[in-house]
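Peer 1: Here is how the chains run, residue by residue.
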Amino acid sequence: MISARVLIRPKEGILDAQGKAVESALPALGFEGIEHVRVGRIVELQAESPDRLEELCEKLLANPLIEDYEIETR
Amino acid sequence: MIWGVLQFPGSCDERDALNACQIAGGGSGESARLVWHEETDLSGLDAIVVPGGFSYGDYLRAGAIARFSPAMTAVAEFAAAGRPVLGICNGFQVLCESGLLPGALLTNEGTRFICRQGELVVGEADSPFLAALEPGRRISIPFKHQSGRFFAPPELLASIEANRQVAFRYAPGQNPNGSLNDIAGVTNEAGNVLGLMPHPEHAVEAFTGSTDGLALFRGVAESLAGSAA
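Residue numbers (this note's numbering), protein chains in the order written: chain A, 1 to 74; chain B, 1001 to 1229.
Just to be clear, a hint being listed does not mean it is correct.
Claimed, not checked - Below are the DSSO-like pairs computed for lysine-lysine, each with C-alpha atoms no more than 30 Å apart in a straight line:
id: 1; chain 1: B; residue 1: 1144; chain 2: A; residue 2: 20
id: 2; chain 1: A; residue 1: 11; chain 2: A; residue 2: 59
id: 3; chain 1: B; residue 1: 1144; chain 2: A; residue 2: 59
id: 4; chain 1: A; residue 1: 59; chain 2: A; residue 2: 20
id: 5; chain 1: B; residue 1: 1144; chain 2: A; residue 2: 11
What the hints assert, rightly or not - On the chain A side, residues computed to face chain B include the following (Cβ under 8 Å):
id: 6; residue: 17
id: 7; residue: 18
id: 8; residue: 21
id: 9; residue: 45
id: 10; residue: 53
id: 11; residue: 56
id: 12; residue: 60
id: 13; residue: 63
id: 14; residue: 65
No lab work stands behind these hints: they were computed from the structure. From a predicted model like this one, the values you see are computed outputs, not experimental measurements. We treat Cβ as the ideally placed atom computed from N, Cα and C, and that holds for glycine.
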């Protein structure tokens, strides 16, 4: 089995409402000077073969219209 | 005619959708039934509603997992045959994730869940669901969603507009979520599949303040009756 980690994030240029909400909470907590917060997600999985991981990302894990993904295997 | 209303684990608006179909059908005889997400036989049904809610918990992305249900495979075939399919709210998200409708729905610009009555303007799309509504007419129905921000990349958005696939826009000044071009609902290129974020099925009885939602359900009945005649 191989271990894979898929990083999925909102495409550049698309307003990331979640990232914006996190960013706007920071000053109240005393964190200054932080900007461009973007929130994505990580999917970890084990697979017998890496062959179909890209297809898995295109079809289910990410929506290619609005999200980019990167696959790391080890 | 007989409507099928899909029911996924996590659906929550399917009863109101059934009720809307029954009222539109005049309340006599069987006019609508639920279709469990594991069912694949849609024979005997004339139109399908993919209702609102939180299908499969909306894990990953709203509508992402429902797309792979056995019932949705059958709905894709039903739609490919040119038959009417209506997606409301989560159903709209499911149809976009399935590729039956163009675009995607993102978290509302303001991140909050919205729940209030609002107005839509009927677009110029050619669809059986709009048979009883003329372009430019305003209807008042509930807005009730958290991921309703319609998005399409520039080329896709231009083609949706050029092909007249916009079914509804939020009335001027009432875009609640940052949807591009104020789009509240779109159709596929053929017009037989329509998805919208607000809820026509919650506006079918006078005690809720508006019966404007009935027009979508009646439009299909009229247009099926017209094509059978």
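Peer 1: Residue 63 (chain A) was flagged as interface toward chain B. Is the shortest Cβ-Cβ separation under 8 Å?
Peer 2: At 6 Å from the nearest chain B Cβ, residue 63 (chain A) passes the 8 Å test, so the hint holds.
Peer 1: At a threshold of 8 Å, is the proposed contact between residue 65 (chain A) and chain B supported by beta-carbon distances?
Peer 2: Because about 5 Å separates residue 65 (chain A) from the closest Cβ in chain B, which is inside the 8 Å limit, the hint holds.
Peer 1: Does residue 56 (chain A) meet its interface restraint, that is, does its C-beta lie within less than 8 Å of any C-beta in chain B?
Peer 2: violated (12 Å)
Peer 1: Holds or violated: residue 45 (chain A) as interface residue toward chain B, Cβ cutoff 8 Å?
Peer 2: The hint is violated - residue 45 (chain A) has no Cβ within 8 Å of chain B, the shortest such distance being about 13 Å.
Peer 1: Can you confirm whether the C-alpha distance between residue 1144 (chain B) and residue 59 (chain A) stays at or below 30 Å?
Peer 2: Judged against 30 Å, a Cα distance of about 28 Å means the pair holds.
Peer 1: Taking the least C-beta to C-beta distance, is residue 18 (chain A) closer than 8 Å to chain B?
Peer 2: holds (6 Å)
Peer 1: Does residue 53 (chain A) pass the interface hint, meaning its C-beta sits closer than 8 Å to a C-beta of chain B?
Peer 2: Not OK, violated: residue 53 (chain A) not within 8 Å of chain B, min 16 Å.
Peer 1: Double-check residue 60 (chain A) for me: the hint is only fine if its C-beta lies closer than 8 Å to a C-beta in chain B.
Peer 2: holds (6 Å)
Peer 1: Decide if the proposed pair is consistent with the structure: residue 1144 (chain B) and residue 11 (chain A), CA atoms, cutoff 30 Å inclusive.
Peer 2: holds (26 Å)
Peer 1: Is it true that the CA of residue 11 (chain A) sits at most 30 Å from the CA of residue 59 (chain A)?
Peer 2: Holds, at roughly 17 Å.
Peer 1: Holds or violated: is the Cβ of residue 21 (chain A) closer than 8 Å to a Cβ in chain B?
Peer 2: holds (5 Å)
Peer 1: Quick one, are residue 59 (chain A) and residue 20 (chain A) close enough, alpha carbons at most 30 Å?
Peer 2: The given pair, whose Cα atoms are some 27 Å apart, holds under the 30 Å limit.
Violation of the numbered hints given earlier is confined to hints 9, 10, 11; the remaining hints are satisfied by the structure.
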